[in-house]
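Colleague: Chain by chain, the residues run as shown.
Number of protein chains: 2
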Amino acid sequence: KLELDKFKLEVKNRFVTVWQLPLEQLPLSPAAERLRYILGEDDDPPNPTVFTEMDTLQHDGEEMEWKESARWIKFEEKVEEGGERWSKPHVSTLSLHSLFELRTCLQTGTVLLDLDGYSLPQIIGINLSQIEDGLLKPELREKISYVLLRKHRHQTKKPIHRSLADIGKSVSSNTSEFTRFSHAQSRSMNDITDTPSTDQLKNKFIKKIPKDAEASNVLVGEVDFLEKPFVAFVRLIQSTMLGGVTEVPVPTRFLFILLGPSGKAKSYNEIGRAIATLMVDDLFSDVAYKARDRDDLIAGIDEFLDEVIVLPPGEWDPNIRIEPPKKVPSAEKRKSVFSLNEAGQMNGTAGGAAGGSGGGGGANGIAAPGTLLRVFPRFCGGLYLDIKRKLPWFPSDFYEGFHIQSISAILFIYLGCITNAITFGGLLGDATDNYQGVMESFLGTAMAGSLFCFFAGQPLIILSSTGPILIFEKLLFDFSKGNSIDYMEFRLWIGLHSALQCLVLVATDASFIIKYITRFTEEGFSTLISFIFIYDAIKKMIGAFKYYPINADFKADYVTMYKCECIAPDPGEIAQYINNILVYSLQHFDSKYNAINVTVLDWTQLSKKECLKYGGSLVGKSCKFVPDLALMSFILFFGTYSMTVTLKKFKFSRYFPTKLRKLISDFSIFMSILMFVGLDVLFGLNTPKLQVPTDFKPTRLDRGWFVFPFGKNPWWIYLASALPALLVTILIFMDQQITAVIVNRKEHKLRKAAGYHLDLFWVGVLMAVCSFMGLPWYVAATVISIAHIDSLKMETETSAPGEQPQFLGVREQRVTGIIVFVLTGISVFLAPILKYIPMPVLYGVFLYMGVASLNGIQFWDRCKLFLMPAKHQPDYAFLRHVPLRRIHLFTLVQIICLAILWILKSTVAAIIFPVMILALILVRKMLDFIFSQHDLAWIDNIIPEREKKKEDDKKKKKKKGNKGEEESEDEVCPCSGGPRFPTPSVIKIPMEPVQSDPQNGIHCITSKYSA
Amino acid sequence: KLELDKFKLEVKNRFVTVWQLPLEQLPLSPAAERLRYILGEDDDPPNPTVFTEMDTLQHDGEEMEWKESARWIKFEEKVEEGGERWSKPHVSTLSLHSLFELRTCLQTGTVLLDLDGYSLPQIIGINLSQIEDGLLKPELREKISYVLLRKHRHQTKKPIHRSLADIGKSVSSNTSEFTRFSHAQSRSMNDITDTPSTDQLKNKFIKKIPKDAEASNVLVGEVDFLEKPFVAFVRLIQSTMLGGVTEVPVPTRFLFILLGPSGKAKSYNEIGRAIATLMVDDLFSDVAYKARDRDDLIAGIDEFLDEVIVLPPGEWDPNIRIEPPKKVPSAEKRKSVFSLNEAGQMNGTAGGAAGGSGGGGGANGIAAPGTLLRVFPRFCGGLYLDIKRKLPWFPSDFYEGFHIQSISAILFIYLGCITNAITFGGLLGDATDNYQGVMESFLGTAMAGSLFCFFAGQPLIILSSTGPILIFEKLLFDFSKGNSIDYMEFRLWIGLHSALQCLVLVATDASFIIKYITRFTEEGFSTLISFIFIYDAIKKMIGAFKYYPINADFKADYVTMYKCECIAPDPGEIAQYINNILVYSLQHFDSKYNAINVTVLDWTQLSKKECLKYGGSLVGKSCKFVPDLALMSFILFFGTYSMTVTLKKFKFSRYFPTKLRKLISDFSIFMSILMFVGLDVLFGLNTPKLQVPTDFKPTRLDRGWFVFPFGKNPWWIYLASALPALLVTILIFMDQQITAVIVNRKEHKLRKAAGYHLDLFWVGVLMAVCSFMGLPWYVAATVISIAHIDSLKMETETSAPGEQPQFLGVREQRVTGIIVFVLTGISVFLAPILKYIPMPVLYGVFLYMGVASLNGIQFWDRCKLFLMPAKHQPDYAFLRHVPLRRIHLFTLVQIICLAILWILKSTVAAIIFPVMILALILVRKMLDFIFSQHDLAWIDNIIPEREKKKEDDKKKKKKKGNKGEEESEDEVCPCSGGPRFPTPSVIKIPMEPVQSDPQNGIHCITSKYSA
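Chains A and B, in that order, are what the protein sequence lines are.
Numbering (my numbering) for the first sequence: 2 to 1012.
Numbering (my numbering) for the second sequence: 2 to 1012.
Hints in this document: simulated from the structure, not taken from any laboratory.
Please note: incorrect hints may appear among the correct ones.
Pairs involving identical chains hold if they fit within one copy or between any two copies, as the list cannot separate such chains.
To be verified - Computed list of lysine-lysine pairs in PhoX-like fashion (alpha-carbon distance at most 20 Å, straight line):
hint	residue 1	residue 2
1	Lys614	Lys334
2	Lys516	Lys152
3	Lys328	Lys865
4	Lys625	Lys610
5	Lys698	Lys625
6	Lys609	Lys556
7	Lys89	Lys872
8	Lys794	Lys750
9	Lys625	Lys556
10	Lys556	Lys622
11	Lys609	Lys622
12	Lys89	Lys547
13	Lys547	Lys690
14	Lys660	Lys872
15	Lys747	Lys327
16	Lys89	Lys926
17	Lys614	Lys556
18	Lys541	Lys698
19	Lys650	Lys872
20	Lys334	Lys267
21	Lys872	Lys327
22	Lys208	Lys89
Computed from a predicted structure; not experimentally measured.
Full structure from sequences and hints, please.
Modeller: Pasting the structure below:
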């Protein structure tokens, strides 16, 4: 009775943190004090990861064996009832009950810390000898020892061919359940040996366990000879390989044994699960490693209980296995509470830590442009720093490129690049009367791209011709033609001026302006570019229907009515025609047409073109129709697009092993292209194909590979061209830097930092070179650059079962870019292969690129919100913190801006397009007056850390007290958390304030009212 | 000090259930005892649903008001920080801490049960007067009362147009944050009134709250004048409308008030959430209604704590909102523990309850065929019982059909039926030389279908011609022709014999045989039918490419080379041709061809058919090609299919309100058909269209609408036809009954039960009628019947936010079926509309039907498992309990059986197809020797309850003790749980055994070891 009372008091004291009674009135130091003491010294090396295996005792008549029933690295994996299958990793849902039972067990059972054991029998021996004689009869000791030394049967995964063989076996021989079972299962030796068995060594699961891991073995079971449970918790002084006890050859450090009288297997099982879950808890495993006595362990449990998350029984079914979350809160926060020796500093430190992490987020985070682009007082200071920063990475930029993933990236980007080169080449050819054509486009892309990827600050950026430049060239050519100015020379001078201006911008570190480019501007720009991609792809597709008109009135039965005949013209027209030919051949120095005697032609044998050329006229119902091609083009276009989308999503399907799925997903575009090229070849239709120039010569015969700067235009042109050059410069600058900001976004986790100045420097230099050679100008292409980054994303390969693979960053290197552009250069020789690719397939790829680049854009997510009822909207961080109408308003402003830009782009005003993007920055500045800084921080999260802090401070001063605590915590989030994965705000249960100010808590009432 | 000790002791005692100390040694009765006392009387009417609203005190300088911060019907909805938005309903994750704090609060605060209050001021007055003078100073009383009577501001949802107007306002007038806020929010009156405000009355949220609900209001807040928290829990004797306190005009029954000193708002908030969550817990709300004193409430909390589910802090982030589960365990199980007065009976009862529910599952569950199809000793007993069972439902079968959902079902099934009628009609016409053609097919379908739907036992079954019958007819026709037997008369006699045999089967209650049709057979059959649907759809599609060959060599430039000319034959051939014409016109009594003078024809003006008819030959490159049609057909086919799939899935998207999405999903097939018919009309291509006969007359002129039974064949044929009739009977019987089993599956939750005998009776009668009229024979069509059921599924309309809509059952009625078939009948007049529907669109619908009917089939799920690595496999119940290789083996056997059936179906042996399905039952019987009953119970869960029980008993005897408890619990599941949603096994924490057998628990050690 006295003992019971003593125990009750002790129990009361231990559990006091949970109960929140006025602590200082109690005789013993509370659990937190203990933990602070043992966890306080932070100098120790971190403890190894703990792998926990739980084995339960199985009876087979007289035979007994330990059978693995669950394991934990971070999450629980359970052996399913059938006994041949690991469950999916899931969060261990415990019952409060079992945790308290476990607590009682540890309080009352044997606890041996720092046991010097080398084998299981010896450990068990020591263990049993610790128990007082009165409590355990000698014969029971032997029996317990016997039970504990039974063999261990592990759950090992077999390759599928072995399982199939087993199926065959079980079909042929109808053996009893048990024999089959023992065949199927791998068995360790009859008794525990010291060396690991072959099955253990072969077990591939070891790959999932970190190298330095130590095992903790939980053994629970019911036996009929015991009347009271036997409980032991053992920590070895040195981790030891205990033979066949653990599934994998990992040395054991902890041992928890629970043997009890029969009839309560389920309860023992739950207690085993509880200790196993505790052992893999970061904080508790620290406690377990450092505990000095039983009470430390119990303090650890109490801390765990204090942090535990509780689900009400009526709202959750305990049998649902909870999938591991994307992200778990780090144990550091929990540990930090105990890492200080003085209680008073607690709150301050927690705040400081939060601030620190926020600041850390800012350093390599969104505020990066700000810090990287500080206005340096020195001339060329930014460029110098860029080079200094990038140079050490230069070698790694090459050797890090050699990876299988690079191949898929190269193929993908290469196809994007040549499609782009051909499209823009064709359009430029149209616009400039072939002064710049497909050949120039290929050559320019290859040269500019490879040089840029080799030397630039951000080699992930892909250069390309862009829409605004095309429009500028078109206008320039028309202007030159109208005013009899030599286009090539004029263009050369504009290029030179513009290059010079770029270099001036580099020298004056003018790139600092991009720190005003917030998410608002950035997203507006990239959405616009994505829309252009999508619009162009669809426009070209619709073009096919115009180019290959479908004969809707065709009736199969009246096929005899459909023909198209070439009717010879009147003799008079023929004479006219011959005249034309002569004029043409004189103009074009083309001798081909000279010697034809038109009059003796067999008109019926002429092709459509020839017929028209010689002045014939086409008569018949089928003349203006082309069968099948339009529909086939559509099938190829849409098929490529949807196949790519499907294959890309395949990564998230359940089929096939992860690696295969990743491969399919990585090569999705390539596979879709292959598939639809194959389909096209199969049908053999004459669909429009990719046509790459095969000869290395300028598209127009009257120009060479070098444009001479003087002689053709009056001298004042050389100076006046500085004016249009200014437009080009703004265009290049904005295009280049916005793309760079997008590429260098925090989400991409780039290690090697950006090089805005260096990038612009090379764009300028290349501009001059291209101008001299009469090649198009190149600037960063947003969509393809994003595609480049997406195809180079890295994720963690091995992680504990159930843990989500973490996005590690992008494979930052120069190899893929360089190879892509070298390939583009030699595509001239690849023409025989490339000519099989139908253009609609490439348009499909374009469509995919446009749609895919929309996906990462928060603006787009916000647009979708318009269509969703509030209750179905996804749980975006900004939705939790900003009223929906403010978000909608912000989105509306963006949509209006975009609409204006789109209209501008479609008209002649396109030339002032770059200026409009500058205007976007202004619009954003004006939004500061409409939206609160708090809202903007969440929606448009690009406020440099320092400014934000100030804002916060101001606010706090205004409305102090009331909600201060809550808000300040919440507002740290937009900076430290990414924009797409909301970082949970830190809810700290205020444990200490209760201690330090006991008169203030609700708990004080307890002592007075309890009468 | 004395008081503290007393309190500690009390605390100890209360919490003892959680601690699992030997209870009987303690002076006070434990929590469970209390609960058993108050919950024991089960005669009371169930308590009303509790709606909980939590309001927190907001300070605005001097102003204070209560602002709604969360609400609960079943799950928690929180007002997001922005203050304008309800979060999604989620499971309330509490901290253990706050629950213990709440417990302390209830222990120490004012608890007033059965207060007779009519208004808030009065209630607060009584409340405050209860507190002893020494504990609360008079001036504080006034202040508290003042605070509690501040106005309440609720979170109400505004229509979107008002929010948009607000946006407009906020753009134009840049008012301060706060003014805007107060505009935006709806406000209740300045002080609490007795009548609900208009905002309350307008609140649409009331729809989600059950009619009889009562409110529980939780008010928490921090105030600066208090030094100790003020806590009150009030239960009113009669629920009363407290004016503007609650968001909706629901009378308040409970009031929880927590006011505390400032600085701990977060902690108060958590306590408020804890009590709110408790109040919506089924068991605790019972306790709250029935509690006699404070201790009862605390016992309720302790019970709640005991059942709570705990997530370890390292494996879960408390800030993740957990989506409500599909199904929560019913509180009945928890309640049942307390509904008995004697502790000893506990375990027995729990087992009994489980057994009872298992038995219940059997009654209306999978075992239904067994119970409904008992072999009755009486002649026609089954038929009689069927009629007796269905007759009372007959009126409701009609009035229940009038629902908007029926329209979509009718459209869907109608299209399926006419497509089927036309397809089978066409094929039958080919097979029987037009003795039965499209017209007969339409007439037969309409007549048989509508009669069946009107009178049969299971009106959800849709009759149709099926593949095996088609094959039989084809063989029969060939046989008749080869042996000079009159086909129609022979067929009539076979039909009559078969009808008679069917009636004999009905009379002898032979349908009992289908109790041997387990999931194995059923799924094999329906998978086969699905495959046939898919196969046919694709085959027809590929047929289009053969029927409309594509000219792959077409070059647009050489369009002049492509023509097709009709060349006149030699004069000799013309003479021959004239001869042919004469013969033909004599044969066909067709005068059309007589008067043509072939020799004077303009051959170039003839169509393809005419040209060939008159003996001309077609010369030219384009003769054998048909442009565009094949590709267009493909686009229509594939487009319809994928559009339907996409729209069907749209129900699960986030866009648009739920009702609109449901509408789109319900009408997905209709909308896709409309869309692609529109596309087809837009292109105007001559794609093959649905051709419905327009005249009501037999397809073949030499037959009438009645077949005379005698005269054309020798007499012995009348008898001999009984033999082929036997084959037909088996075919009809199997086809009909397997489909009926599938339709009557337990998952469909049919209320009106099945009518196997009655169904077969009508099939037999209709067979006789059809035979006399020379119409095809009809039998239940699996795929269309499943589609019919799917389109009539009902779900709960209103449910608490977050609760999943429950599948209620199928709209069982006769209206849709009858209308479908009536429509089919009058389709003859709908021809002008129907002729716009291209056949490829209908093939797309067929493909969709085939694929969709595969989806519900467990066999198909198991096939997919072959391709999934074990760790990615979904959490099917059978996977948890049966080893994977056994499952694979079972699936393999099924695949082999299917393959054999498929091969049979494709050859002449198709005629013994029905016999093979009988063989399938045999194969399944043989599997009993390979698989254990336990495995089969999970994979092939159709073992009648009684047999299973026996099996279980046998097993238990074999291996008693060890895993007995676990297994017996688990094995109840396959019977009571559905095949797709595993019912969680009931884990009961064994609380009572500890009490009743204290010497046996591990807790006994506590008292001895704690020294």
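Colleague: Compare the structure with each hint and give your call.
Modeller: Here's how the hints hold up against the structure:
For the homomeric pair lysine 614 and lysine 334, neither the shortest alpha-carbon distance inside one copy (82 Å) nor that between copies (91 Å) is at most 20 Å. Proximity of lysine 516 and lysine 152 under a CA criterion of 20 Å is satisfied in neither setting, with 67 Å inside one chain copy and 47 Å between copies. Taking the shortest alpha-carbon separations for lysine 328 and lysine 865, neither the intra-copy value of 25 Å nor the inter-copy value of 30 Å comes in at or below 20 Å. Proximity of lysine 625 to lysine 610 under the C-alpha cut-off of 20 Å is restricted to the intra-copy arrangement: shortest distance 12 Å within a copy versus 25 Å between copies.
Taking the shortest Cα distances, lysine 698 and lysine 625 never come within 20 Å of each other, neither inside one copy (35 Å) nor across copies (45 Å). Taking identical chains as interchangeable, the C-alpha atoms of lysine 609 and lysine 556 lie at most 20 Å apart only when they sit on different chains, with a minimum of 10 Å there against 23 Å within one chain. When the C-alpha separation of lysine 89 and lysine 872 is checked against a cutoff of 20 Å, the pair qualifies only between copies, where the shortest distance is 6 Å, while the shortest distance within a copy is 30 Å. Taking the shortest alpha-carbon separations for lysine 794 and lysine 750, only the intra-copy value of 10 Å comes in at or below 20 Å, while the best inter-copy value is 49 Å.
With identical chains, the CA atoms of lysine 625 and lysine 556 are at most 20 Å apart both within one copy (16 Å) and between copies (13 Å). Taking the shortest alpha-carbon separations for lysine 556 and lysine 622, both the intra-copy value of 12 Å and the inter-copy value of 16 Å come in at or below 20 Å. Taking the shortest Cα distances, lysine 609 and lysine 622 sit within 20 Å of each other both inside one copy (14 Å) and across copies (16 Å). For the homomeric pair lysine 89 and lysine 547, neither the shortest alpha-carbon distance inside one copy (54 Å) nor that between copies (49 Å) is at most 20 Å.
In this homomeric assembly, lysine 547 and lysine 690 come within 20 Å of each other (Cα to Cα) only inside a single copy, at 17 Å, whereas the closest approach across copies is 26 Å. In this assembly of identical chains, lysine 660 and lysine 872 lie within 20 Å of each other by CA distance solely across copies; the values are 13 Å between and 37 Å within a copy. Only within a single protomer do lysine 747 and lysine 327 lie at most 20 Å apart by alpha-carbon distance; the minimum there is 19 Å, versus 37 Å between protomers. Taking the shortest Cα distances, lysine 89 and lysine 926 never come within 20 Å of each other, neither inside one copy (50 Å) nor across copies (34 Å).
Within a single copy, lysine 614 and lysine 556 get their C-alpha atoms only as close as 31 Å, which misses the 20 Å cut-off; across copies the closest is 18 Å, which meets it. Proximity of lysine 541 to lysine 698 under the C-alpha cut-off of 20 Å is found in neither arrangement, the shortest distances being 28 Å within a copy and 52 Å between copies. Within a single copy, lysine 650 and lysine 872 get their C-alpha atoms only as close as 26 Å, which misses the 20 Å cut-off; across copies the closest is 19 Å, which meets it. In this assembly of identical chains, the alpha carbons of lysine 334 and lysine 267 lie at most 20 Å apart only when taken from different copies (18 Å versus 34 Å within one copy).
Within a single copy, lysine 872 and lysine 327 get their C-alpha atoms only as close as 22 Å, which misses the 20 Å cut-off; across copies the closest is 17 Å, which meets it. For a Cα distance limit of 20 Å, the shortest separation of lysine 208 from lysine 89 inside one copy, 17 Å, qualifies, whereas the shortest one across copies, 40 Å, does not.
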